[in-house]
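From first to last, the protein sequence lines are chains F and A. Under the numbering used here, the first residue of the first sequence is numbered 1, with each subsequent residue one higher. Under the numbering used here, the first residue of the second sequence is numbered 1, with each subsequent residue one higher.
Treat the hints with caution; some may be incorrect.
The list cannot tell twin chains apart, which means a pair is met if one copy fits it or any two copies do.
For lysine to any residue, the following SDA-like pairs were computed, each having C-alpha atoms within a straight-line distance of at most 20 Å [said to hold, decoys possible]:
no., residue 1, residue 2
1, Lys184, Gln369
2, Lys88, Thr252
3, Lys153, Ala168
4, Lys89, Arg174
5, Lys88, Thr308
6, Lys184, Phe359
7, Lys232, Ala338
8, Lys184, Ala375
9, Lys88, Gly370
10, Lys399, Ile276
11, Lys89, Arg165
12, Lys184, Arg98
13, Lys88, Gly244
14, Lys184, Asp374
15, Lys184, Glu233
16, Lys232, Lys399
17, Lys259, Arg165
18, Lys184, Gly356
19, Lys89, Thr410
20, Lys184, Gly370
21, Lys184, Asn330
22, Lys399, Asp157
23, Lys184, Pro57
24, Lys232, Leu180
The hints are simulated quantities; they were obtained by calculation from the structure and are not laboratory data.
Number of protein chains: 2
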Amino acid sequence: MNDETTQPPAGPTLSRRRLFAVSAAVGSSLGLGSATAALAAGPPAAHAREDAAHGHPAIVPFLGEHQGGITMPQQRYTYFAAFDCAAKKRDELVALLRAWTDAGARLTAGQTVEAAAGRYDAAKPVGDSGEALGLSPAHLTLTVGFGAGLFSKDGVDRYGLAAQRPAAFVDLPRFPGEQLIPEKTGGDLSVQACADDPQVAFHAVRQLARLASGVAQVRWVQSGFLPDDRGKETPRNLMGFKDGTQECSDLTKFVWAGKEAPRWMQGGTYLVVRRIRIALEHWDQMNVGFQEQTIGRKKISGAPLGMTSESDPLPLAATDKDGNPIIAENAHVRLGNASTNNGQQILRRGYSYNDGVNFVAERWPPWRQGMEYDAGLLFVCYQRDPRTGFIPMFDTMSKIDMLNQFATHTGGGLFAIPRGAANGEYIGQGLLASG
Amino acid sequence: MNDETTQPPAGPTLSRRRLFAVSAAVGSSLGLGSATAALAAGPPAAHAREDAAHGHPAIVPFLGEHQGGITMPQQRYTYFAAFDCAAKKRDELVALLRAWTDAGARLTAGQTVEAAAGRYDAAKPVGDSGEALGLSPAHLTLTVGFGAGLFSKDGVDRYGLAAQRPAAFVDLPRFPGEQLIPEKTGGDLSVQACADDPQVAFHAVRQLARLASGVAQVRWVQSGFLPDDRGKETPRNLMGFKDGTQECSDLTKFVWAGKEAPRWMQGGTYLVVRRIRIALEHWDQMNVGFQEQTIGRKKISGAPLGMTSESDPLPLAATDKDGNPIIAENAHVRLGNASTNNGQQILRRGYSYNDGVNFVAERWPPWRQGMEYDAGLLFVCYQRDPRTGFIPMFDTMSKIDMLNQFATHTGGGLFAIPRGAANGEYIGQGLLASG
Numbered sequence: 001m002n003d004e005t006t007q008p009p010a011g012p013t014l015s016r017r018r019l020f021a022v023s024a025a026v027g028s029s030l031g032l033g034s035a036t037a038a039l040a041a042g043p044p045a046a047h048a049r050e051d052a053a054h055g056h057p058a059i060v061p062f063l064g065e066h067q068g069g070i071t072m073p074q075q076r077y078t079y080f081a082a083f084d085c086a087a088k089k090r091d092e093l094v095a096l097l098r099a100w101t102d103a104g105a106r107l108t109a110g111q112t113v114e115a116a117a118g119r120y121d122a123a124k125p126v127g128d129s130g131e132a133l134g135l136s137p138a139h140l141t142l143t144v145g146f147g148a149g150l151f152s153k154d155g156v157d158r159y160g161l162a163a164q165r166p167a168a169f170v171d172l173p174r175f176p177g178e179q180l181i182p183e184k185t186g187g188d189l190s191v192q193a194c195a196d197d198p199q200v201a202f203h204a205v206r207q208l209a210r211l212a213s214g215v216a217q218v219r220w221v222q223s224g225f226l227p228d229d230r231g232k233e234t235p236r237n238l239m240g241f242k243d244g245t246q247e248c249s250d251l252t253k254f255v256w257a258g259k260e261a262p263r264w265m266q267g268g269t270y271l272v273v274r275r276i277r278i279a280l281e282h283w284d285q286m287n288v289g290f291q292e293q294t295i296g297r298k299k300i301s302g303a304p305l306g307m308t309s310e311s312d313p314l315p316l317a318a319t320d321k322d323g324n325p326i327i328a329e330n331a332h333v334r335l336g337n338a339s340t341n342n343g344q345q346i347l348r349r350g351y352s353y354n355d356g357v358n359f360v361a362e363r364w365p366p367w368r369q370g371m372e373y374d375a376g377l378l379f380v381c382y383q384r385d386p387r388t389g390f391i392p393m394f395d396t397m398s399k400i401d402m403l404n405q406f407a408t409h410t411g412g413g414l415f416a417i418p419r420g421a422a423n424g425e426y427i428g429q430g431l432l433a434s435g
Numbered sequence: 001m002n003d004e005t006t007q008p009p010a011g012p013t014l015s016r017r018r019l020f021a022v023s024a025a026v027g028s029s030l031g032l033g034s035a036t037a038a039l040a041a042g043p044p045a046a047h048a049r050e051d052a053a054h055g056h057p058a059i060v061p062f063l064g065e066h067q068g069g070i071t072m073p074q075q076r077y078t079y080f081a082a083f084d085c086a087a088k089k090r091d092e093l094v095a096l097l098r099a100w101t102d103a104g105a106r107l108t109a110g111q112t113v114e115a116a117a118g119r120y121d122a123a124k125p126v127g128d129s130g131e132a133l134g135l136s137p138a139h140l141t142l143t144v145g146f147g148a149g150l151f152s153k154d155g156v157d158r159y160g161l162a163a164q165r166p167a168a169f170v171d172l173p174r175f176p177g178e179q180l181i182p183e184k185t186g187g188d189l190s191v192q193a194c195a196d197d198p199q200v201a202f203h204a205v206r207q208l209a210r211l212a213s214g215v216a217q218v219r220w221v222q223s224g225f226l227p228d229d230r231g232k233e234t235p236r237n238l239m240g241f242k243d244g245t246q247e248c249s250d251l252t253k254f255v256w257a258g259k260e261a262p263r264w265m266q267g268g269t270y271l272v273v274r275r276i277r278i279a280l281e282h283w284d285q286m287n288v289g290f291q292e293q294t295i296g297r298k299k300i301s302g303a304p305l306g307m308t309s310e311s312d313p314l315p316l317a318a319t320d321k322d323g324n325p326i327i328a329e330n331a332h333v334r335l336g337n338a339s340t341n342n343g344q345q346i347l348r349r350g351y352s353y354n355d356g357v358n359f360v361a362e363r364w365p366p367w368r369q370g371m372e373y374d375a376g377l378l379f380v381c382y383q384r385d386p387r388t389g390f391i392p393m394f395d396t397m398s399k400i401d402m403l404n405q406f407a408t409h410t411g412g413g414l415f416a417i418p419r420g421a422a423n424g425e426y427i428g429q430g431l432l433a434s435g
């Protein structure tokens, strides 16, 4: 008889059904950690799990100078979550971030969130929801961010952190054309899980959300994906264009906060996330030539207009025989290019999102109404300072980008991503242990 | 100079910007199919694309006795769409199904939806949205179904098909506890795309939806996924349990419509799809023992309660020393088992779904309100006759299944899946060419 077989115990105050349940959970007559131990150890053993396609463990270290999930090659899936803090005191926040740090280290290593040590109490909830058992760590990364509300909310400095707010951590201005849905915007804390398996990414956030019970509650989430290009090509977005050709040339200069920042942000960065709905039905009505003019690149090859290869530089000064720029003044790639932005760059790490359909009445030709895709781009970018990064770049884009007739920003936020935690530290310790 | 370079043509009635766009699309001065040809041929050539992990083309044949995507091992992603028909006449339906059949054959082969042949008209929309260019065919299958509304809607026999409605194609009854959202329920036509890449699955439905313009409009959609278990284990659902252990033992007997059905349904089957929201936060509050009692299997191993291995038969007659069944009378696996259902079986092909969060006020303990996961199970099953398959099985389940306190059916439908198309035929031809 195996040790998980039911053995009804005595217990006059519990119903028979309840007893039955408890007995199965407790497992053996020892009543010691069998279920949790099994969950935490899990077959196959977490650390031994290999990435079958690559023959090495698909584990990204959680601790380090920088948080994970920012500069590494993009995993295929993301699950982003923003939280509202309900904590009354800073201590609760500290406990939460400590718990998240411990959990993050375990989860990214492919383990369950609760350790095998300790008694298993059958009357308490299970320590891990279990849907990642047996799966690869899938290069899971968890990136934790702080929203403005952590420093001050509705004028109240709840946690005594207002004086610690970095100068670079401004509020995003209102941009022309954006239609931000409050329920999909902002948040006091953010967690972005990225992994090569959507179930692994969701599992991780789900555990962190449960650990936050009573201290922080999910405000909004957004999942995203990339196509399975197997790393051979720049992935195409849902507009059918290669997306992400242009990479950031200097992480130290453009991404990581330096000496100008408070100590806890040095090695950190600022995350701008935007949920950008694309009117795919409208886009699909356009001919390829118009689409290419809008983007500034060719659809098939990804080459800049007027060039032959995806990796060719943008010929921003090139004109046709009539003197018109080959890449239009209001083409998307021109507006995103460093030379149009005082030499500034951002690190883009976007995903497509696909949230099904809902009812839309278009304001523009073809004035269609009906069910339309709620799909598009989960724009994610990192920068050293949003005042020189996303804000001025998108200020121009939001006014003249040809893509605007297809793109609507419906949510998002700006989050300070503190530097990574060293061994024994928790994420954000430099901030929360201050003052 | 490559053939995609812009060459502004003459054209006094068009604006400069417009000309610019047109010229880029037309491409060469020949004005002959260059853009479409490139899209359709696409680098790398569709037919040459290989599944990198397996070294063989990841193509599932579209034509055949049965439609694809029913009995083969499940692909990792699905995108299901139900359509309302706006067609006034049967001819329009015929044209749509012919177009879908042609497109289905191309798409499942990893090709773009429009053929390279024919002139490319720069003033017309692009023939394929392009986001699957360069991707593997990813074992894409497209499974087309007919809803009750095709035979008669609001008492009107729009297409002269009412007399052809099979006896087995009843309406689903109202089940206790279900909370079907009209906007996520029903439909006159269904298309289920399954593929190993979510972008490939969505791309396929997107093309079919565009081909349906004016004839059928998307009513609701639902995407789904499985974890990346690499085929080594039965995948776990979001409740953390292995799901799909029990397979259908006899497809001819339980899945494919036979001589009892009209000719066009012989080799077809009936699809029941249900969007089942699982109260994950509530579930996560339960202890493992209770979860195992609810399901009737062990969480870690997947073994039936009282047994040791996942593949062990359910010990439905076994009792503990007090005479209580080891697998409870209202455990989920018991209620789904053939022996509880007059020996009847269904073929399950479900996916998890994850649609983020939305606001919920629970009716049950712990009476929580706030943002909760809109996630759970996209239940998909096939059967020869829903009157002996899903309907009686779920009738019992909906009344006594312990799982009901966590599961809410929020949408879905019943669709007749006609037999597969032979070469030269279109899907459903046996029905639509009749009478």
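Taking the hints in turn, this is what the structure says about them:
| no. | hint | in the structure |
| --- | --- | --- |
| 1 | Lys184 with Gln369 | between (23 Å within a copy, 18 Å between copies) |
| 2 | Lys88 with Thr252 | neither (37 Å within a copy, 63 Å between copies) |
| 3 | Lys153 with Ala168 | within (18 Å within a copy, 60 Å between copies) |
| 4 | Lys89 with Arg174 | neither (31 Å within a copy, 50 Å between copies) |
| 5 | Lys88 with Thr308 | neither (59 Å within a copy, 48 Å between copies) |
| 6 | Lys184 with Phe359 | both (18 Å within a copy, 12 Å between copies) |
| 7 | Lys232 with Ala338 | neither (26 Å within a copy, 47 Å between copies) |
| 8 | Lys184 with Ala375 | both (14 Å within a copy, 17 Å between copies) |
| 9 | Lys88 with Gly370 | between (45 Å within a copy, 18 Å between copies) |
| 10 | Lys399 with Ile276 | within (15 Å within a copy, 43 Å between copies) |
| 11 | Lys89 with Arg165 | within (17 Å within a copy, 65 Å between copies) |
| 12 | Lys184 with Arg98 | neither (26 Å within a copy, 41 Å between copies) |
| 13 | Lys88 with Gly244 | neither (41 Å within a copy, 45 Å between copies) |
| 14 | Lys184 with Asp374 | both (13 Å within a copy, 15 Å between copies) |
| 15 | Lys184 with Glu233 | neither (32 Å within a copy, 36 Å between copies) |
| 16 | Lys232 with Lys399 | neither (35 Å within a copy, 52 Å between copies) |
| 17 | Lys259 with Arg165 | within (15 Å within a copy, 74 Å between copies) |
| 18 | Lys184 with Gly356 | both (16 Å within a copy, 11 Å between copies) |
| 19 | Lys89 with Thr410 | neither (32 Å within a copy, 39 Å between copies) |
| 20 | Lys184 with Gly370 | between (22 Å within a copy, 14 Å between copies) |
| 21 | Lys184 with Asn330 | neither (28 Å within a copy, 40 Å between copies) |
| 22 | Lys399 with Asp157 | neither (35 Å within a copy, 51 Å between copies) |
| 23 | Lys184 with Pro57 | neither (35 Å within a copy, 41 Å between copies) |
| 24 | Lys232 with Leu180 | neither (35 Å within a copy, 43 Å between copies) |
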